[in-house]
Structures are given as C-alpha cells and as structure tokens.
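Chains A and B are the protein sequences, given in the same order.
Take the first sequence: its position 5, counting from 1, is numbered 5 in our numbering, and each next residue is one higher.
Take the second sequence: its position 49, counting from 1, is numbered 49 in our numbering, and each next residue is one higher.
Worth flagging that the hints you see were computed from the coordinates, not collected in a lab.
None of these values were measured; they are calculated from a predicted model.
Even for Gly, the Cβ is constructed at its ideal location relative to N, Cα and C.
Possibly wrong hints are sitting among the right ones.
Under the rule of at most 30 Å between Cα atoms (straight-line distance), these lysine-lysine pairs were calculated in the BS3-like manner [what the hints assert, rightly or not]:
#	chain 1	residue 1	chain 2	residue 2
1	B	K22	A	K68
2	A	K71	B	K41
3	B	K19	A	K98
4	B	K102	A	K68
5	B	K18	A	K42
6	B	K36	B	K18
7	A	K68	B	K18
8	A	K56	B	K19
9	B	K102	A	K42
10	B	K19	A	K68
11	A	K71	B	K18
12	A	K68	B	K40
13	B	K40	A	K56
14	B	K102	A	K98
15	A	K68	A	K56
16	B	K102	B	K22
17	A	K71	A	K56
18	A	K56	B	K102
19	B	K22	A	K42
20	B	K102	A	K71
21	B	K41	A	K56
Some chain A residues flagged as far from chain B (calculated, every beta-carbon gap over 12 Å) [unchecked claim]:
#	residue
22	N18
23	T69
24	S95
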Amino acid sequence: GESVGLHLPTLSVQEGDNSIINCAYSNSASDYFIWYKQESGKGPQFIIDIRSNMDKRQGQRVTVLLNKTVKHLSLQIAATQPGDSAVYFCAEDSSASKIIFGSGTRLSIRP
Amino acid sequence: ETGVTQTPRHLVMGMTNKKSLKCEQHLGHNAMYWYKQSAKKPLELMFVYSLEERVENNSVPSRFSPECPNSSHLFLHLHTLQPEDSALYLCASSQDHRSGEKLFFGSGTQLSVL
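Make a model of the complete structure from these sequences and hints.
As structure tokens, then:
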C-alpha cells in the first residue's frame with residue numbers, strides 16, 4: 001500500500017534557528033498534503049497545507065515546500081521557539097485513497 | 001481549542017468492562033472520524049461517518065462499536081478490550097469526508113486496558 005515516511009524521527013534545533021522537517025511520500029496520485037503539530041497531551045493541530053498544483057506555500061513563520069518530482073515534502077519553521085517543541089506529522093491525501101499519516105518527527109529546542 | 005471536545009481525557013478499564021468514549025464537534029462539520037494512535041505508529045483510521053452514516057470501517061474488531069446519533073456527536077463503545085488496545089483515541093471532524101479537507105482533532109482519550 002501507499003505510505004508516508006519521514007527522514008528523521010527526531011530533530012534538535014537551537015532556539016532562534018530555522019527548523020526543516022522532511023517527509024517522503026510514495027503515492028504519485030496524492031494531490032493534497034498537510035502538516036500537523038501535536039504537542040504533549042493534545043491532539044494533532046493543523047499547521048499548513050498545500051495542493052499539488054503549488055510547490056510552495058507560506059504561513060506565519062512556516063513554509064511548506066512540495067517537490068513532486070522526487071515526492072518530497074518539507075516544513076520549514078523560521079526562528080524556532082520553545083513553543084514549537086512537538087511532534088510534526090505530514091499527511092497525504094488523494095481522491096482515490098484515504099488520508100495517510102506519517103509516523104512523525106519529534107522537534108526539540110535547545111536553549 | 002479546535003472545536004472538537006472529547007471525554008473522558010483518561011480512561012482505565014479492565015478487560016471485562018464496558019465503557020464509551022464521547023466526541024462532540026462545534027464546527028458545523030458533516031464528517032466525523034475515530035483514529036487510534038499507538039506509540040511509534042502512524043495514526044490509524046478506524047471509522048468515518050458522514051451525515052450520521054458510516055462510510056468507512058477499516059477492519060476494526062467488533063469490540064469497538066461506533067455510534068453517530070447526529071452530525072455533532074460521535075461515540076465509541078468499548079467492550080471486552082485487550083491490553084493491546086491501550087492507546088490514544090482521537091476524534092476528528094471535517095467539512096465533509098471527501099479528499100482535500102483538513103481534519104480538526106480533539107485532544108483524545110488516553111485509554112489503558114488492564
């Protein structure tokens with residue numbers, strides 16, 4: 001079946017630096033991609049999404065990049081703050097199959 | 001808060017107990033979902049409801065029984081669970097169940113089966 005994977009299970013970043021979380025997907029028919037943030041004791045929270053007709057989308061301090069050629073998705077967080085500590089999930093969606101979540105990357109912030 | 005409320009937040013039950021998880025969404029959405037989140041595993045979709053009708057059942061054991069009395073409420077009835085069913089159970093909602101709709105999650109019920 002289709003799967004979504006993450007390159008690294010953990011990421012440690014110095015406070016104030018930029019964070020980059022990567023995700024690989026395998027279903028070339030996926031046309032909608034979402035990043036979620038899950039803090040301890042909470043459910044996943046929507047951060048940003050992107051559709052396959054775009055290759056970049058920016059939000060507040062976050063940017064998602066989509067490279068359909070290599071089936072790669074990344075989340076960039078600018079000026080990482082302690083409140084950014086969480087597990088980040090990517091997810092892929094298509095009209096032909098249900099949404100699939102990755103296993104998550106844990107982001108920790110060094111003071 | 002995301003507009004999706006789950007109760008209880010924590011639940012400990014024995015294998016012979018019967019309990020229910022409750023979810024309520026205040027977003028006016030038409031679709032609701034149950035997901036299971038186990039340690040170090042991706043989110044697993046259990047059930048999908050659209051306008052109170054079940055549209056997907058992902059081969060979930062019959063000891064899990066969902067109920068959707070209206071588009072704002074979703075229950076998960078639990079009966080004779082196994083220790084391996086211990087996990088975080090997440091409810092979510094979306095505008096509808098088609099692809100391309102973002103999910104809004106509750107905080108989950110942390111279930112421990114003894």
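Hints versus structure:
The straight-line distance between the Cα atoms of B/K22 and A/K68 is roughly 39 Å, outside the 30 Å bound, and the hint therefore fails. Pair hint A/K71 plus B/K41 holds up; C-alpha atoms about 21 Å apart against a cutoff of 30 Å. Among the hinted pairs, B/K19 with A/K98 is consistent with the structure: their alpha-carbon atoms are about 28 Å apart, no more than 30 Å. Of the supplied pair hints, the one linking B/K102 and A/K68 holds, its CA atoms being roughly 20 Å apart against a limit of 30 Å.
Restraint check for B/K18 and A/K42: satisfied, since their Cα atoms lie roughly 25 Å apart, inside the 30 Å limit. Between B/K36 and B/K18, the direct Cα distance comes to roughly 18 Å. Compliance with the 30 Å bound is thereby established for this hinted pair. A distance of roughly 47 Å separates the Cα atoms of A/K68 and B/K18; the hinted pair therefore is violated under the 30 Å criterion. The suggested pairing of A/K56 with B/K19 is violated, with an alpha-carbon distance near 45 Å, which exceeds 30 Å.
Annotation: proposed proximity of B/K102 to A/K42 holds, straight-line Cα distance about 17 Å (limit 30 Å). For the proposed pair B/K19 and A/K68, the alpha carbon gap of about 45 Å is over 30 Å, so the pair is violated. Taken as a hint, the A/K71 and B/K18 pair is broken in the structure, with Cα atoms around 44 Å apart against an allowance of 30 Å. A distance of roughly 27 Å separates the Cα atoms of A/K68 and B/K40; the hinted pair therefore holds under the 30 Å criterion.
Only pairs whose Cα atoms come within 30 Å are accepted, and B/K40 paired with A/K56 is accepted, the gap being roughly 29 Å. With a C-alpha separation of about 12 Å, the suggested pair B/K102 and A/K98 falls inside the 30 Å cut-off, and the hint holds. The hinted pair formed by A/K68 and A/K56 meets the criterion: a straight-line CA distance of about 11 Å does not exceed 30 Å. Of the pairs offered as hints, the one joining B/K102 and B/K22 holds, with about 21 Å between alpha carbons and a cut-off of 30 Å not exceeded.
Between the alpha carbons of A/K71 and A/K56 the distance comes to roughly 14 Å, so the proposed pair stays at or under 30 Å and holds. Restraint check for A/K56 and B/K102: the C-alpha separation of about 18 Å stays at or below 30 Å, so the hint holds. Note on B/K22 and A/K42: the hinted pairing holds, with a Cα-Cα distance of about 16 Å set against a maximum of 30 Å. The straight-line distance between the Cα atoms of B/K102 and A/K71 is roughly 20 Å, inside the 30 Å bound, and the hint therefore holds.
Between the alpha carbons of B/K41 and A/K56 the distance comes to roughly 28 Å, so the proposed pair stays at or under 30 Å and holds. Every CB of chain B is more than 12 Å from the CB of A/N18 (nearest about 25 Å), matching its label as outside the interface. Taking the minimum C-beta to C-beta distance to chain B, about 22 Å, the non-interface status of A/T69 holds against the 12 Å cut. For A/S95, the condition that its CB be more than 12 Å from all CB atoms of chain B is violated, with the nearest at approximately 5 Å.
Violated hints, in rising order: 1, 7, 8, 10, 11, 24; the structure is consistent with all others.
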